[in-house]
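Please build the complete structure, drawing on both the sequences and the hints.
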Amino acid sequence: MLSQFANPARFMSLSAWAAPVLALLAVALFAIGVPWALLLSPSDYQQGETVRIMYVHVPAAWWSLAVYAIMGAASFVGLVWRHVLADIAARAAAPIGATFAGLCLLTGSLWGAPTWGTWWEWDGRLTSMLVLFVIYLGYIALWSSIEDEEKAARLAAILCLVGLVNLPVVKFSVDWWSTLHQPASVFRAEGSAVHPDMLGPLMIMAGAYGALFGALLMMSMRAAIFRRRVEAARARIGAP
Amino acid sequence: MGAGRPFREEPKLKVAGLSVARGGRLVFEGMSFGAEAGDFIELRGANGSGKTSLLRAIAGYLRPRSGVISFEGVEEPALCLHYLGHLNGLKPASNVSAHLRYWAGLFAGAVDIAAVMSGVGLGASADLPARALSQGQARRLALARLLVAPRPIWLLDEPAAALDAQGRTLIASLIEAHREQGGVVLAAVHEPLGSAPSQTLQLSDRT
Amino acid sequence: MRAVFETFRRDFALMWNGGGGALAPLGFFLGATSLVPLAMGSDRALLAAAGPPLVWIAAALAVLATLERLFQADLEDGSLDQMLLSPTPLEALVLAKGAALWCAVGLPLALAGAPAAIALQAPAAHVPVIVISLALGMAAFIAIGLVGAAVTAGVRRGGVLIALIVLPFFAPPIIFGAAVAQGEAVAGAMAILGGCALGALALGPIAAAAALRLQAE
Numbered sequence: 000m001l002s003q004f005a006n007p008a009r010f011m012s013l014s015a016w017a018a019p020v021l022a023l024l025a026v027a028l029f030a031i032g033v034p035w036a037l038l039l040s041p042s043d044y045q046q047g048e049t050v051r052i053m054y055v056h057v058p059a060a061w062w063s064l065a066v067y068a069i070m071g072a073a074s075f076v077g078l079v080w081r082h083v084l085a086d087i088a089a090r091a092a093a094p095i096g097a098t099f100a101g102l103c104l105l106t107g108s109l110w111g112a113p114t115w116g117t118w119w120e121w122d123g124r125l126t127s128m129l130v131l132f133v134i135y136l137g138y139i140a141l142w143s144s145i146e147d148e149e150k151a152a153r154l155a156a157i158l159c160l161v162g163l164v165n166l167p168v169v170k171f172s173v174d175w176w177s178t179l180h181q182p183a184s185v186f187r188a189e190g191s192a193v194h195p196d197m198l199g200p201l202m203i204m205a206g207a208y209g210a211l212f213g214a215l216l217m218m219s220m221r222a223a224i225f226r227r228r229v230e231a232a233r234a235r236i237g238a239p
Numbered sequence: 000m001g002a003g004r005p006f007r008e009e010p011k012l013k014v015a016g017l018s019v020a021r022g023g024r025l026v027f028e029g030m031s032f033g034a035e036a037g038d039f040i041e042l043r044g045a046n047g048s049g050k051t052s053l054l055r056a057i058a059g060y061l062r063p064r065s066g067v068i069s070f071e072g073v074e075e076p077a078l079c080l081h082y083l084g085h086l087n088g089l090k091p092a093s094n095v096s097a098h099l100r101y102w103a104g105l106f107a108g109a110v111d112i113a114a115v116m117s118g119v120g121l122g123a124s125a126d127l128p129a130r131a132l133s134q135g136q137a138r139r140l141a142l143a144r145l146l147v148a149p150r151p152i153w154l155l156d157e158p159a160a161a162l163d164a165q166g167r168t169l170i171a172s173l174i175e176a177h178r179e180q181g182g183v184v185l186a187a188v189h190e191p192l193g194s195a196p197s198q199t200l201q202l203s204d205r206t
Numbered sequence: 000m001r002a003v004f005e006t007f008r009r010d011f012a013l014m015w016n017g018g019g020g021a022l023a024p025l026g027f028f029l030g031a032t033s034l035v036p037l038a039m040g041s042d043r044a045l046l047a048a049a050g051p052p053l054v055w056i057a058a059a060l061a062v063l064a065t066l067e068r069l070f071q072a073d074l075e076d077g078s079l080d081q082m083l084l085s086p087t088p089l090e091a092l093v094l095a096k097g098a099a100l101w102c103a104v105g106l107p108l109a110l111a112g113a114p115a116a117i118a119l120q121a122p123a124a125h126v127p128v129i130v131i132s133l134a135l136g137m138a139a140f141i142a143i144g145l146v147g148a149a150v151t152a153g154v155r156r157g158g159v160l161i162a163l164i165v166l167p168f169f170a171p172p173i174i175f176g177a178a179v180a181q182g183e184a185v186a187g188a189m190a191i192l193g194g195c196a197l198g199a200l201a202l203g204p205i206a207a208a209a210a211l212r213l214q215a216e
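Chains as they are written, first to last, in numbering that gives the first Met the number 0: chain F, 0 to 239; chain L, 0 to 206; chain U, 0 to 216.
In short, the hints are calculated from the structure, not lab data.
We put the beta carbon where it would ideally sit given N, CA and C, even for glycine.
Among the hints, erroneous ones may be present.
[To be verified] Which chain L residues face chain U? A few, computed with CB under 10 Å, are given here: (1) Ile40; (2) Arg43; (3) Tyr60; (4) Lys90; (5) His98; (6) Trp102; (7) Gly104.
Quick look at the structure:
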């Protein structure tokens with residue numbers, strides 16, 4: 000399946016229908032997930048209604064990590080096989096992942112204020128998520144600072160791969176330093192500790208975020224490919 | 000320079016179907032030629048025709064878009080060539096002998112640094128920092144790098160730039176001596192260097 | 000090996016002699032740490048509680064300024080081309096440059112951490128441990144900084160960009176170094192700090208060399 004994406008022209012014809020489909024899927028999943036999360040799911044016996052922020056916060060956290068991992072894979076492919084689509088994908092994914100990370104931090108802060116009595120605390124998970132957010136920003140800034148696009152792609156790929164060391168830290172930081180943030184409750188070896196009634200909307204929201212990411216990624220990549228085609232055409236016309 | 004060939008085997012360079020791009024634009028394509036021990040190949044062409052790109056591709060800095068560059072008679076391409084580009088590779092605060100000592104260490108060459116210095120006409124300037132050198136003297140110091148470690152293939156990008164007639168004579172004698180020892184010289188030039196080339200490659204502007 | 004030594008020696012001489020060497024970062028470091036009591040007021044108890052870790056912030060920022068030109072000069076004057084033609088791997092030469100920076104700037108900064116920590120009310124018995132932790136931390140900062148400097152070597156005035164790229168990776172050494180400075184869980188924090196330094200030294204030169212090869216294109 001991966002080879003289907005290898006050719007830019009093939010990717011363009013694939014994404015021409017895949018992007019709208021994913022967008023519709025995202026809309027549908029949000030349409031199901033948001034009311035379910037905000038209204039129909041049970042409130043927490045300890046936290047009351049504010050637990051509902053979890054349905055925005057947790058999928059954002061998951062996807063901010065997943066997007067970075069995808070960027071890492073794309074960076075690796077771009078570095079080793081010098082594949083143009085991989086570079087475009089990595090660059091397009093970054094702002095989306097950064098937004099997820101920022102959303103996670105913001106909603107986490109909003110959730111933490113009534114629950115823990117503080118807007119911010121320097122514990123392991125929050126700090127490493129903030130670190131991830133800044134790594135995203137640095138990656139995006141690096142891309143913008145280098146004029147030669149091919150060179151920018153390779154250098155940014157190296158930076159992205161170096162940043163991968165942060166992912167296990169974020170994932171396991173709640174286990175290594177149990178200071179404030181609750182330990183892992185969904186993806187655990189012994190099975191999820193979250194009540195099944197909450198698991199449903201959580202998974203729907205996670206799916207919605209994923210479909211949204213897929214749709215946005217494809218649209219962003221299409222725009223990048225169009226731009227490159229325009230520039231290439233300009234160069235051909237402009238050359239003496 | 001001593002008699003006899005310091006290079007273990009006869010060095011050969013072969014380029015086949017080379018295409019090189021810079022900044023997304025194809026600079027040249029389909030370049031093919033070969034060079035053997037004692038050859039001196041002149042690269043000629045207008046500015047921007049790809050002379051520097053060709054030299055840098057052979058040096059291994061630039062990955063070609065297509066084509067093959069092969070070396071025979073040498074183990075590791077990067078260890079068999081000297082590259083003299085537009086830039087001299089000098090540190091302004093470091094003096095002449097410090098530069099030569101650094102390059103000798105960098106390239107694992109064992110030479111008499113004083114002899115090399117006087118060989119390029121810088122014998123009196125051993126303690127001068129690079130920023131105090133004239134353009135011509137700086138170029139001579141860069142040329143001295145070629146003598147610090149014996150390497151069969153020389154890639155020279157406009158070596159006579161900033162040099163006076165004496166300097167050009169120096170280059171011609173260095174090239175002649177290198178060819179006699181079985182080395183290969185590839186030089187991008189605008190004017191003849193004073194050593195008769197075995198081949199002249201003309202790179203044209205891409206239209 | 001000779002190439003490694005010559006690279007170290009040349010870079011150390013250039014840093015030490017040219018541009019005042021360690022003076023600028025040292026001056027910044029001491030200046031920044033002396034601003035802290037001014038900002039926090041002279042309440043000794045408060046300074047003792049919060050002061051020592053701030054030495055780490057000042058040290059991190061001081062070393063940041065030295066990173067920008069680390070590879071940019073080599074790229075601009077053609078020295079990088081020559082380093083790529085050496086029989087010694089570029090990774091080793093990059094490590095040599097980092098070692099030169101540590102000796103010329105990192106170690107002096109670590110030693111300057113002694114008076115700085117005392118000025119920020121660290122207990123005198125604790126100061127040697129702080130200096131050792133700073134020396135480890137500077138090694139980590141420099142190893143990480145090698146990557147930041149290498150990927151931004153072609154960018155004009157890339158100082159802010161380097162800071163943005165490199166600061167998130169400075170966070171772990173700063174966190175554990177500050178813990179040592181506070182006197183909390185010193186043995187554990189020191190061990191992790193050492194681990195950060197070792198990890199950065201293992202990964203940094205490899206990533207930096209890969210980036211530099213790309214810059215040479």
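Evaluated hints:
1. A cut of 10 Å between beta carbons decides the hint on L:Ile40: the least distance to chain U is about 19 Å, and the hint is violated.
2. With a least beta-carbon distance of about 23 Å to chain U, the hint placing L:Arg43 at the interface is violated under the 10 Å criterion.
3. A distance limit of 10 Å between C-beta atoms decides the matter here; for L:Tyr60 the minimum to chain U is near 5 Å, and the interface restraint holds.
4. Proximity of L:Lys90 to chain U holds as hinted, the smallest CB-CB distance being about 6 Å (cut-off 10 Å).
5. Satisfaction of the interface hint for L:His98 is found here, the shortest Cβ-Cβ separation to chain U being roughly 9 Å, below the 10 Å cut-off.
6. This hint holds: L:Trp102 has a C-beta 7 Å from the nearest C-beta of chain U, less than the 10 Å allowed.
7. The interface hint given for L:Gly104 is met, as the beta carbon of that residue sits about 3 Å from the closest beta carbon of chain U, less than 10 Å.
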